[in-house]
Amino acid sequence: MALVTIKRNSPQHIAVRVLGVLLVVIAVLWVPTKMTTGNIDSMTNALALVIAASALNLVIGYTGLISIGHSAFFGIGSYATGVLVSKYGWGHGWSMIFGALLAFVFGFIVALPALRIKGIYLALVTLAVAVLFPTMMKWPKLEWLTNGARGISGIRYEELPSLPFLGELKGRDDRTVFFYWYAIMLVIITVLVCRGIVKSRMGRALIAIRDNEIGAEVMGVNLATTKTLVFGVSAALTSLAGSLSVARTGVVTADGANLTLIGSIVFLVVMVVGGAATITGPIIGALVYVWVDNYTRTASASGEGLIGWLFDWSAVSPASIILSVALIVLMFVAPDGVFGLVRRLARRVVVIK
Amino acid sequence: MDLLKVDGVTVEFGGIVALSGLTFNVQQGDICGLIGPNGAGKTTVFNVLSRIYEPTQGSVTFDGVDLLGVEAHDIAKLGIGRTFQNLALFPSMSLLENVMVGAHSKGRVGFVRAITRFGVRREDRQLRETSMALLEAFGLAQLAAHPAAGLPFGTLKRVEIARALAAKPKFVLLDEPASGLTHSEVDELADTLVRVRSEFNLTMLLVEHHMSMVMKVSDKIVVMEFGRKIAEGTPAEVRDNPEVIRAYLGTDA
Numbered sequence: 018m019a020l021v022t023i024k025r026n027s028p029q030h031i032a033v034r035v036l037g038v039l040l041v042v043i044a045v046l047w048v049p050t051k052m053t054t055g056n057i058d059s060m061t062n063a064l065a066l067v068i069a070a071s072a073l074n075l076v077i078g079y080t081g082l083i084s085i086g087h088s089a090f091f092g093i094g095s096y097a098t099g100v101l102v103s104k105y106g107w108g109h110g111w112s113m114i115f116g117a118l119l120a121f122v123f124g125f126i127v128a129l130p131a132l133r134i135k136g137i138y139l140a141l142v143t144l145a146v147a148v149l150f151p152t153m154m155k156w157p158k159l160e161w162l163t164n165g166a167r168g169i170s171g172i173r174y175e176e177l178p179s180l181p182f183l184g185e186l187k188g189r190d191d192r193t194v195f196f197y198w199y200a201i202m203l204v205i206i207t208v209l210v211c212r213g214i215v216k217s218r219m220g221r222a223l224i225a226i227r228d229n230e231i232g233a234e235v236m237g238v239n240l241a242t243t244k245t246l247v248f249g250v251s252a253a254l255t256s257l258a259g260s261l262s263v264a265r266t267g268v269v270t271a272d273g274a275n276l277t278l279i280g281s282i283v284f285l286v287v288m289v290v291g292g293a294a295t296i297t298g299p300i301i302g303a304l305v306y307v308w309v310d311n312y313t314r315t316a317s318a319s320g321e322g323l324i325g326w327l328f329d330w331s332a333v334s335p336a337s338i339i340l341s342v343a344l345i346v347l348m349f350v351a352p353d354g355v356f357g358l359v360r361r362l363a364r365r366v367v368v369i370k
Numbered sequence: 015m016d017l018l019k020v021d022g023v024t025v026e027f028g029g030i031v032a033l034s035g036l037t038f039n040v041q042q043g044d045i046c047g048l049i050g051p052n053g054a055g056k057t058t059v060f061n062v063l064s065r066i067y068e069p070t071q072g073s074v075t076f077d078g079v080d081l082l083g084v085e086a087h088d089i090a091k092l093g094i095g096r097t098f099q100n101l102a103l104f105p106s107m108s109l110l111e112n113v114m115v116g117a118h119s120k121g122r123v124g125f126v127r128a129i130t131r132f133g134v135r136r137e138d139r140q141l142r143e144t145s146m147a148l149l150e151a152f153g154l155a156q157l158a159a160h161p162a163a164g165l166p167f168g169t170l171k172r173v174e175i176a177r178a179l180a181a182k183p184k185f186v187l188l189d190e191p192a193s194g195l196t197h198s199e200v201d202e203l204a205d206t207l208v209r210v211r212s213e214f215n216l217t218m219l220l221v222e223h224h225m226s227m228v229m230k231v232s233d234k235i236v237v238m239e240f241g242r243k244i245a246e247g248t249p250a251e252v253r254d255n256p257e258v259i260r261a262y263l264g265t266d267a
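Residue numbers (our numbering), protein chains in the order written: chain A, 18 to 370; chain B, 15 to 267.
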């Protein structure tokens, strides 16, 4: 039994919620004002993962369609911004919107097999998409557009727009701060889109499809349009993360970590570690992932400690290996992810009725 | 007036004939029992009516509409609800949410409105109220927030009926609603069905093995064996039909 029981929508409940929002706001403000430039940049990276994992969550967590092809949608956003900004002089915002529309169309098309196949078979189709995408981008016949294996570099905001409250932004630190706020804006959009869908008739339809497809169909859920549209929306959101990353780093290559199959796996790990089929889960998952990634990267580079001793041979971050092991363990102790575990523990103390 | 006309429907799976030239009508406002030994094709009839199985021959007319020209997800919109023999609930959702999904075909909010939150709260509030009222009608109100997973079979059977009624259908297909219930619960269910029929102005097609219940509530009974109709009539007529007795009890050697 819980220690405290709070009635829904009572003053106490509202107080708890206000406190929660306040903590989030403080954390969001704390990052750009108190952290070092490097750490702010890491947070921006984490926010890109929040977007991608939240988007993937719509498809896998809520609808139960397994996709490991989302790195391709990340890639579509990355290349849309890379190509349009550097070669055609588009603004970053417009390139991002164009990338999202393109990804929506591609997501819709990739979802068509999902109307016939499920589970592991669908996973294989999306795997093909993930493998195909970087190869396509390196295709010599597309080199005029993508620069082939060299990729596109020097994609930058030449002049940063001035932000309210922060004023004119100049120099490396201010650039980092700017992209942090840019990422926060995109995360807010993503969370609002996901939350809006989930807390509605369509969200219930998605879960119904996951739980029992025939049952959902008999209740009047149009499986074909629902699956293809949710895949499209998810792809479009994932491409935002791609555009964001390119704007932040100024570089896009076909072998960039999040554009290859590794990216799909990272999004999946972030989603599952944080907590699938929850809005908060991917946010927590991304923070955990980036923290582990940074920690192990430093440790393996310096060769210090257990992590260093284990992974000093590794040029890349061993975070994916460590998190994969963590994932297996987590499936036993907390099948609902970190957020699920926290929620379960919190419910022992406070129950909202 | 006939609400449902099934005419010469044949369903084949490869070489196996599940239904062969099945013809029967259901009158508006009736409770029509559909009985027969295991494997007679009763659930196949339901799956034809829900457009899950495609008949190789025959026609089905519901309320003047050619049912075989309607897609499975539009069946609910026509006013046909159903329950499943082995349940098709959504285990991770609460009972309330299960019933709310039952009204999906009546809802208006699509992806665009969901994202922009246009009219979502109002739709959800109305749905929540009507769904809660349905749960109350089936004595499930105190379990409304409980997930469907882990509840007893008999309870879930009732949830399925509530869910089937959420879209305010004209016609409900009930696949063995009394399975998993105790004797007293079966009697109670029979009363509930009769009450719900008049309250919601329903027509029902009822597959059930509890003979006493079928005989008690049905206005008409269709008896099937090996995918064919072997008898049709009022409960009294069917009970005395030699074909029916043979199908259920076998013949003397």
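There's no promise every hint is true.
Quick partial rundown of chain A residues pointing at chain B, CB under 8 Å, derived from the structure [unchecked claim]:
| hint | residue |
| --- | --- |
| 1 | Lys-24 |
| 2 | Ile-57 |
| 3 | Arg-173 |
| 4 | Ile-224 |
| 5 | Gly-232 |
| 6 | Thr-266 |
| 7 | Gly-267 |
| 8 | Val-268 |
Quick look at which bits of chain B chain A covers, simulated, 3 or more residues with Cβ under 8 Å [said to hold, decoys possible]:
| hint | stretch |
| --- | --- |
| 9 | 88–100 |
| 10 | 126–134 |
| 11 | 199–205 |
It is worth saying that the hints were derived from the structure and are not from the lab.
A virtual CB, placed ideally from N, CA and C, is assigned to each residue, including glycine.
Comparing the hints with the structure gives:
Hint status for Lys-24/A: violated, given a least beta-carbon distance of 14 Å to chain B, over 8 Å. Annotation: Ile-57/A was flagged as interfacial toward chain B, and the flag is violated, the nearest CB pair being 30 Å apart, outside 8 Å. The interface hint given for Arg-173/A is violated, since its Cβ lies 31 Å from the closest Cβ of chain B, which is over the 8 Å cut-off. For the restraint placing Ile-224/A at the interface with chain B, the shortest Cβ-Cβ distance is roughly 6 Å, inside the 8 Å limit, so the hint holds.
Proximity of Gly-232/A to chain B holds as hinted, the smallest CB-CB distance being about 3 Å (cut-off 8 Å). At its closest, the beta carbon of Thr-266/A sits 29 Å from a beta carbon of chain B; the interface hint therefore is violated under the 8 Å criterion. Given hint, Gly-267/A at the interface with chain B, is violated; its Cβ is 31 Å from that chain's nearest Cβ, farther than 8 Å. The interface hint given for Val-268/A is violated, since its Cβ lies 32 Å from the closest Cβ of chain B, which is over the 8 Å cut-off.
For the stretch 88–100 of chain B, the stated coverage by chain A is satisfied: 6 residues place a CB nearer than 8 Å to a CB of that chain, which reaches the threshold of 3. For the stretch 126–134 of chain B, the stated coverage by chain A is satisfied: 6 residues place a CB nearer than 8 Å to a CB of that chain, which reaches the threshold of 3. For the stretch 199–205 of chain B, the proposed coverage by chain A is not satisfied: 0 residues have a C-beta within less than 8 Å of a C-beta in that chain, short of the threshold of three.
Violated hints, in rising order: 1, 2, 3, 6, 7, 8 and 11; the structure is consistent with all others.
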